[in-house]
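Participant: Now for the letters of each chain:
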Amino acid sequence: MQQLSRRRALGAVAAGAALAAVPAARAAHAADGGHEAHDSPEAFDEVYKGRRIQGRSRTGGGHHHGGGYAVYVDGVELHVMRNADGSWISVVSHYDPVSTPRAAARAAVDELQGARLVPFPAG
Amino acid sequence: MTVRKNQAALTADEKRRFVAAVLELKRTGRYDAFVTTHNAFILGDTDDGERTGHRSPSFLPWHRRFLLEFERALQSVDASVALPYWDWSADRSPRSSLWSPDFLGGTGRSRDGQVMDGPFAAAAGKWPINVRVDGRTYLRRSLGTGVRELPTRAEVESVLAMATYDMAPWNSASDGFRNHLEGWRGVNLHNRVHVWVGGQMSTGVSPNDPVFWLHHAYIDKLWARWQRRHPDSGYVPGGGTPNVVDLHETMRPWNDTTPAELLDHTAHYTFDAD
Numbered sequence: 001m002q003q004l005s006r007r008r009a010l011g012a013v014a015a016g017a018a019l020a021a022v023p024a025a026r027a028a029h030a031a032d033g034g035h036e037a038h039d040s041p042e043a044f045d046e047v048y049k050g051r052r053i054q055g056r057s058r059t060g061g062g063h064h065h066g067g068g069y070a071v072y073v074d075g076v077e078l079h080v081m082r083n084a085d086g087s088w089i090s091v092v093s094h095y096d097p098v099s100t101p102r103a104a105a106r107a108a109v110d111e112l113q114g115a116r117l118v119p120f121p122a123g
Numbered sequence: 124m125t126v127r128k129n130q131a132a133l134t135a136d137e138k139r140r141f142v143a144a145v146l147e148l149k150r151t152g153r154y155d156a157f158v159t160t161h162n163a164f165i166l167g168d169t170d171d172g173e174r175t176g177h178r179s180p181s182f183l184p185w186h187r188r189f190l191l192e193f194e195r196a197l198q199s200v201d202a203s204v205a206l207p208y209w210d211w212s213a214d215r216s217p218r219s220s221l222w223s224p225d226f227l228g229g230t231g232r233s234r235d236g237q238v239m240d241g242p243f244a245a246a247a248g249k250w251p252i253n254v255r256v257d258g259r260t261y262l263r264r265s266l267g268t269g270v271r272e273l274p275t276r277a278e279v280e281s282v283l284a285m286a287t288y289d290m291a292p293w294n295s296a297s298d299g300f301r302n303h304l305e306g307w308r309g310v311n312l313h314n315r316v317h318v319w320v321g322g323q324m325s326t327g328v329s330p331n332d333p334v335f336w337l338h339h340a341y342i343d344k345l346w347a348r349w350q351r352r353h354p355d356s357g358y359v360p361g362g363g364t365p366n367v368v369d370l371h372e373t374m375r376p377w378n379d380t381t382p383a384e385l386l387d388h389t390a391h392y393t394f395d396a397d
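So the protein lines, in turn, are chains A and B.
Read in order, the letters of the first sequence are residues 1 to 123 in our numbering.
Read in order, the letters of the second sequence are residues 124 to 397 in our numbering.
Quick caveat, the hints were computed from the structure, so don't treat them as lab data.
Ideal Cβ positions, reconstructed from N, Cα and C, are used throughout, including at glycine.
Check the hints yourself; a few may be wrong.
[Stated by the list, open to error] Covered stretches of chain B, as calculated for chain A (at least 3 residues, CB under 8 Å):
| no. | stretch |
| --- | --- |
| 1 | 160 to 169 |
| 2 | 207 to 215 |
| 3 | 370 to 376 |
| 4 | 381 to 392 |
[To be verified] In silico SDA-like links for lysine to any residue, alpha-carbon gap of 20 Å or less:
| no. | chain 1 | residue 1 | chain 2 | residue 2 |
| --- | --- | --- | --- | --- |
| 5 | A | K49 | B | S233 |
| 6 | A | K49 | B | T275 |
| 7 | B | K344 | B | E384 |
| 8 | B | K344 | B | T275 |
| 9 | A | K49 | B | D136 |
| 10 | B | K344 | B | S233 |
| 11 | B | K138 | B | S233 |
| 12 | B | K128 | B | D397 |
| 13 | B | K344 | B | A291 |
| 14 | A | K49 | B | D235 |
| 15 | B | K344 | B | P354 |
| 16 | B | K344 | B | G357 |
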């Protein structure tokens, strides 16, 4: 398991170099603080501390607590939740709101210290 | 009658018995069921949907009942055991006796956050982290790094002074005592302590750290203090509130107790001091 995660991490670092050269396309509607509570934040895709973090609006149906927004760390979904004031938390940093889902993903990578995320049961 | 004591005042024998009872619940699998229940509510409670265990008026009675269930489980192992509470406004240092090897053990090592001493250290072999959100199977802590300071006595007093129990919209955006105690708004009491401890305590599976129970026993005690200070204030809302547990509605997952039935803790236990 240790070897596997190291390989995945190294692969992600390589991908990060490519992303740094060609930044991921930004969504046209950049956050400006004036969104209504249920507007979905823009998508993101970056390598942070050697791990790929992604966020995007969820296309499928069903009830989800991120307000229709999904976050992934190395392809494994991270359970996130939007608070009434627009701040975000995740299951690995549940008592410490941050301003955006990208900040929640980065906080999760900080907290994980390289550990793999365990997929949570689909809601 | 169960008397909940300040953890700082426990005798060596009381600490030993508490730890042994917790380890026995862990060995038999009963402990992890509590972690699973807590995480299910953490994931399911939302500001604009159904909310019961957190970010809602029933945060306090829900955790009171949750702790009662845990305390009864401990007492089924050793009838002399009661839940101690941790007054983090007084015992606010990683050097407090709470974190000694004869009780909960200390902070984690810097490399991976692993707790290396005490009865719950992975090396002792009796505390596998089974209900988890990531691959790590050892107890972790990082005392005082996620946030530098625990709440002060003055900050606690400022929240106890709030006369209204809770307010619409009955969630993390609310004004009033409950949400300030929970910490989504204002000086931040309960949430900040989870962050200060770090490790599993900062996650949805926070009961993996036994300090969860001592933290919540003190939050519960602060509710009792608030009730004495504001005898004319009561639990709200009183009825007809969508997604929110009203005074006389039963709470999941037990479905047999209402907030009204949990307002008086003295039916179940008392504290060593007011």
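Participant: Determine for every hint whether it applies to the structure shown.
Facilitator: Verification of the hints:
1. Check result for the stretch 160 to 169 of chain B against chain A: holds, 5 residues qualifying (beta carbon to beta carbon below 8 Å, three or more required).
2. Interface restraint, the stretch 207 to 215 of chain B with chain A: violated (0 residues with C-beta to C-beta distance below 8 Å; minimum three).
3. Given a C-beta distance limit of less than 8 Å, the hint that chain A covers the stretch 370 to 376 of chain B is violated, as 0 residues qualify and 3 are needed.
4. Coverage of the stretch 381 to 392 of chain B by chain A is violated. Counting CB-CB distances below 8 Å, 0 residues qualify, and the rule asks for three or more.
5. Of the supplied pair hints, the one linking K49(A) and S233(B) holds, its CA atoms being roughly 17 Å apart against a limit of 20 Å.
6. With a C-alpha separation of about 35 Å, the suggested pairing of K49(A) with T275(B) is violated against the 20 Å cut-off.
7. For the proposed pair K344(B) and E384(B), the alpha carbon gap of about 17 Å is at most 20 Å, so the pair holds.
8. Distance check on the hinted pair: K344(B) and T275(B) sit about 16 Å apart at the alpha-carbon level, within 20 Å; holds.
9. The hinted pair formed by K49(A) and D136(B) fails the criterion: a straight-line CA distance of about 46 Å is larger than 20 Å.
10. The suggested pairing of K344(B) with S233(B) is violated, with an alpha-carbon distance near 33 Å, which exceeds 20 Å.
11. In summary, the hint linking K138(B) to S233(B) is not supported, as the alpha carbons are separated by about 27 Å, beyond the 20 Å threshold.
12. With a C-alpha separation of about 11 Å, the suggested pair K128(B) and D397(B) falls inside the 20 Å cut-off, and the hint holds.
13. For a cut-off of 20 Å, the pair hint linking K344(B) to A291(B) is broken: about 24 Å separates their Cα positions.
14. A C-alpha spacing of about 16 Å is found between K49(A) and D235(B), which places the hinted pair at or below 20 Å, so the restraint holds.
15. Under the criterion of a C-alpha separation no larger than 20 Å, the hint pairing K344(B) with P354(B) is consistent with the structure, at around 15 Å.
16. Proximity of K344(B) to G357(B) is assessed by CA-CA distance (about 16 Å); at most 20 Å being required, the pair is judged to hold.
Comparing the model with each numbered hint stated earlier shows that hints 2, 3, 4, 6, 9, 10, 11 and 13 do not hold.
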